[in-house]
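Trainee: Protein chains in written order, with the numbering used here: chain H, 8 to 178; chain F, 8 to 178.
Possibly wrong hints are sitting among the right ones.
Because identical chains share one entry, a pair is satisfied inside a single copy or across any pair of copies.
Using 27 angstroms as the maximum straight-line C-alpha spacing, the simulated DSS-like pairs for lysine-lysine come out as follows [unchecked claim]:
1) 19 <-> 60
2) 145 <-> 105
3) 29 <-> 78
4) 9 <-> 29
5) 60 <-> 145
6) 60 <-> 29
7) 144 <-> 105
8) 78 <-> 60
9) 145 <-> 9
10) 144 <-> 9
11) 29 <-> 105
12) 19 <-> 144
13) 60 <-> 144
Just so you know, these hints were derived from the structure itself, not from any lab.
Protein chains: 2
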Amino acid sequence: MKYGVAIFPQKKVQDVANSFRKRYDPRYTLIQPHITLKEAFELEDEQLPQVVKHLERVAEETAPFTIHFHKVGTFHPINNVIYLALTDGEPVTRLHEKINSDPIYHERRFDYTPHLTIGQDLSNDELHDVYGSLRMKKFDLTSIVDRFHLLYQLENESWTVYQSFLLRGRN
Amino acid sequence: MKYGVAIFPQKKVQDVANSFRKRYDPRYTLIQPHITLKEAFELEDEQLPQVVKHLERVAEETAPFTIHFHKVGTFHPINNVIYLALTDGEPVTRLHEKINSDPIYHERRFDYTPHLTIGQDLSNDELHDVYGSLRMKKFDLTSIVDRFHLLYQLENESWTVYQSFLLRGRN
Numbered sequence: 008m009k010y011g012v013a014i015f016p017q018k019k020v021q022d023v024a025n026s027f028r029k030r031y032d033p034r035y036t037l038i039q040p041h042i043t044l045k046e047a048f049e050l051e052d053e054q055l056p057q058v059v060k061h062l063e064r065v066a067e068e069t070a071p072f073t074i075h076f077h078k079v080g081t082f083h084p085i086n087n088v089i090y091l092a093l094t095d096g097e098p099v100t101r102l103h104e105k106i107n108s109d110p111i112y113h114e115r116r117f118d119y120t121p122h123l124t125i126g127q128d129l130s131n132d133e134l135h136d137v138y139g140s141l142r143m144k145k146f147d148l149t150s151i152v153d154r155f156h157l158l159y160q161l162e163n164e165s166w167t168v169y170q171s172f173l174l175r176g177r178n
Numbered sequence: 008m009k010y011g012v013a014i015f016p017q018k019k020v021q022d023v024a025n026s027f028r029k030r031y032d033p034r035y036t037l038i039q040p041h042i043t044l045k046e047a048f049e050l051e052d053e054q055l056p057q058v059v060k061h062l063e064r065v066a067e068e069t070a071p072f073t074i075h076f077h078k079v080g081t082f083h084p085i086n087n088v089i090y091l092a093l094t095d096g097e098p099v100t101r102l103h104e105k106i107n108s109d110p111i112y113h114e115r116r117f118d119y120t121p122h123l124t125i126g127q128d129l130s131n132d133e134l135h136d137v138y139g140s141l142r143m144k145k146f147d148l149t150s151i152v153d154r155f156h157l158l159y160q161l162e163n164e165s166w167t168v169y170q171s172f173l174l175r176g177r178n
């Protein structure tokens, strides 16, 4: 079964993200607006308890933090994704690194860049238009991150939350 | 903000449900296949901690159980919903009653009937056709229920999981 780990930012951020995703993201209905902490990976049923334990440990030792989105970015020309960028992605990157370790370590093809996708699978022309119109726009969106979620993928490629993990560490 | 409480049955049940929902449920993309434990209700931010505590208590004292879906049912003529029916809905009803108490008690207009919706908002003719073709079909779908989820609704009417609650009681 395919699993993944993600942060859902607070409702107001999800609502803003959806106003763009509705138009620019063909995967809009498959998952709520999120920051991927760990990309889809295969897991056998019998490995699940060990992975849940790992994620519980990570959550135990990580303190809640605040994130702020300030502008739109793109991964073009690597891929035609448009995303809400973080003013300071460091705490998310640290969380990603803790999660992507030992029982579920996978090497990444690219450096990890925390982001919230608002458009993808765009043609070069579309990307140019959309990014061109959004790149100068300023955002001021804040969200507390006090939990992350383990999800699994259904046959129709949508994602169901398996379990939430509350960040219980102290600063 | 609007909250709700639901069970997501195991993946294989969700996949079967989605094969019908795709065709018969216009709300297919707004939430994963689920059994509603508590219908949408309004909650102020400051009430949330108390509600989370209530749900934690319920989960602590409830033991995991197994559910089995054996056939298709409908709420017609009350409403044109088609659903997967439970062989024995009793454990789900008991869980519903524990959840729908004290800090979040709401009187129901109808008796609670645990079910997994696979079609809704159908015209009478559609309902007649679909239910007519499915009513003799036998199902044999089993799922462990060892958790439930608190969700909140976004502006586009889709639902995001806020927190999972693991059933930790003993039989």
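Trainee: Decide, hint by hint, whether the structure agrees.
Mentor: We went through each hint and held it up to the structure:
no., hint, result
1, 19 <-> 60, "between (31 angstroms within a copy, 24 angstroms between copies)"
2, 145 <-> 105, "neither (31 angstroms within a copy, 46 angstroms between copies)"
3, 29 <-> 78, "within (18 angstroms within a copy, 36 angstroms between copies)"
4, 9 <-> 29, "both (25 angstroms within a copy, 21 angstroms between copies)"
5, 60 <-> 145, "neither (40 angstroms within a copy, 38 angstroms between copies)"
6, 60 <-> 29, "neither (36 angstroms within a copy, 35 angstroms between copies)"
7, 144 <-> 105, "neither (33 angstroms within a copy, 48 angstroms between copies)"
8, 78 <-> 60, "neither (36 angstroms within a copy, 37 angstroms between copies)"
9, 145 <-> 9, "neither (36 angstroms within a copy, 29 angstroms between copies)"
10, 144 <-> 9, "neither (36 angstroms within a copy, 30 angstroms between copies)"
11, 29 <-> 105, "neither (32 angstroms within a copy, 38 angstroms between copies)"
12, 19 <-> 144, "within (18 angstroms within a copy, 44 angstroms between copies)"
13, 60 <-> 144, "neither (42 angstroms within a copy, 41 angstroms between copies)"
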